[in-house]
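Student: Keeping their order, the protein sequence lines are chains A and B. Sequential numbering of the first sequence, starting at 330, is according to my numbering. Sequential numbering of the second sequence, starting at 200, is according to my numbering.
Hints in this document: simulated from the structure, not taken from any laboratory. Note that the Cβ used here is the ideal one computed from N, Cα and C, for glycine as well. Do not rely on the hints blindly, as some may be mistaken.
[Unchecked claim] Incomplete in silico selection of chain B near chain A, CB under 8 Å: (1) A221; (2) F225; (3) H230; (4) A233; (5) P235; (6) I259; (7) Y260; (8) S261; (9) Q264.
[Stated by the list, open to error] Here chain B is said to cover these stretches of chain A; the calculated rule only asks that three of the stretch's residues, wherever they fall, bring their Cβ under 8 Å from a Cβ of chain B: (10) 414–426; (11) 570–580.
So the chains spell out like this:
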Amino acid sequence: MAMTRTSASSHRYSVVMPYRRPNRAAKSVSVRAITSLASRIECSISQRDTGWLQVYAATAQEAYDTTLMAFRIAEDERVLLPVMVNMDGFLLSHTMQDLETLDAGGFIPPLHLPHAIDTAHPAAYAPLTGPKDYYRFRWDMERSMRAAREVIAATEHAFAARSGRSYGMTTEYRGEDADVLVIAMGTLAKEAEVAVDRLREEGTRAGVLRIRWFRPFPALDLAGREVVVIDRDYSFGFGGVLAHSLRSVARADPYSVIAGLGGQEVTHGDIASFVRDRKPGEEHWFGVTPDV
Amino acid sequence: MYEIRIHSRGGQGGVTAARLIATAAFRDGKHATATPFYGAERRGAPIIAFARIDEEPIRIYSQVQNPDLVVVLDRTLVRVVKVLAGLKPHGAVIVNSSHAVTLEHQRVHHVDLTGIALAEDLVIAGEPVLDTPVLGAIARLGVISLGSATRAISEMFPDPRNVSAAERAYRELVL
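Isolated chain A, as found in the complex (with noise of 0.2 Å):
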């Protein structure tokens, strides 16, 4: 098992290896990898497709529960793929915040790789893979993406019965009753809140939906309300990237807010304004006038 510890620029540096970890991990030698990232998101969502798992905290908490669940989840035979757990840069990697240690004794079972280096039986291990078997290889990556839903599922339960906090693929605040949906990764769901608390005093009736797990995507029923979407990320000649995924899973037609890209400052005051000037089907870029 390998942890790394990285930030936005040299996660970019090492922009080749992301794609090849995953397929050699399935498949042979004992390379696992958790990442735990502090970046800009649009460097992690740059990575989207690679084959990693990839989850978002919204506190420091959250970022240590997580990568305790990561381990176990990364070393599930059912999935054997590395996982992404991503800190917003700055915002979250260097707010000082309060932090409850876990005895995670147990919580992570012994490694067992079923295709670990065995001296005893040795083999090749082929640094490259033709295209006979490389589309096979890449199938079982998406297998093990499927059913790591399960595992992550299974493992959060597992990990709230011992720590008594529990997170979810997404998590929902003030969501039962919402007329509008506040969607957005990170920590800027989490300022969400606070806009929802003062929108909700004004009469409107608004929740925020976080998304935790980016990959694999979340299955989400958003039942016909309203979505403002918040990407800090952008794909170029195309759009907000959590905007899109919201367009074709859960088919709403969201007012999608580009903002606080390369830590912009934006306040659950700002928030609240998207909320209350939102425009279905359009975007905005948060702060760009006509003259910028």
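Dock chain B against the given chain A, drawing on the hints supplied.
Tutor: Just chain B, lined up with the frame of chain A:
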């Protein structure tokens, strides 16, 4: 929620002071966060850092807009930075100064942190240490307890002169 903004110059310990405040508040049994505002770190450049204290878990990550308390570790900053920006109507201000300070026609609290650091021989790389003594002044306003402040300081900086300086700032803050 009680919100604090600290103005200092790079190298004076504003970021460390915010971390000490959050640690002390945590020792008081409260939730707390400390956040530096990062640009390019430069010694001597104006720096801001924030601390928040609440009975409930803190969900806000954006910068403090309306502080209850403003702390100025370097008196010369008041000429180049709007240190009172957004201060709450009954908000407090502590300025590191050996003599009385008036900002925007308002008398503010002062304490000679530099003098205290020099008297305690708290000098690192030729600069007086301000981040530990200021905790005492903040404790005097009741934001954190003096006991938790000195505990937070000694956990991070075992040299006992840091705690003596904080206790002295507690006594010497001019209200």
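Student: If a hint holds in the structure, say so; if it does not, say that too.
Tutor: Taking the hints in turn, this is what the structure says about them:
At a threshold of 8 Å, the smallest CB-CB gap from B/A221 to chain A is about 5 Å, leaving the interface hint in force. Because the smallest distance between the Cβ of B/F225 and any Cβ of chain A comes to about 5 Å, under 8 Å, the interface hint for this residue holds. A cut of 8 Å between beta carbons decides the hint on B/H230: the least distance to chain A is about 6 Å, and the hint holds. With its C-beta approaching chain A no nearer than about 4 Å, B/A233 sits inside the 8 Å limit, and its interface hint holds.
A hinted interface residue such as B/P235 counts as satisfied when its beta carbon comes closer than 8 Å to some beta carbon of chain A; here the least separation is about 6 Å, so the hint holds. For B/I259, the suggested interface contact is upheld, since its CB lies about 6 Å from the closest CB of chain A, less than 8 Å. Annotation: B/Y260 was flagged as interfacial toward chain A, and the flag holds, the nearest CB pair being 4 Å apart, inside 8 Å. The criterion of a C-beta within 8 Å of any C-beta in chain A is met by B/S261, whose closest approach is roughly 4 Å, and the hint holds.
Interface hint at B/Q264: satisfied, since its Cβ lies 7 Å from the closest Cβ of chain A, which is below the 8 Å cut-off. Three residues within the 8 Å Cβ limit are the bar, and the segment 414–426 of chain A against chain B gives 8, so the coverage statement holds. Closer than 8 Å: that is the beta-carbon criterion, and the segment 570–580 of chain A has 0 residues meeting it against chain B, so the requirement of 3 is violated.
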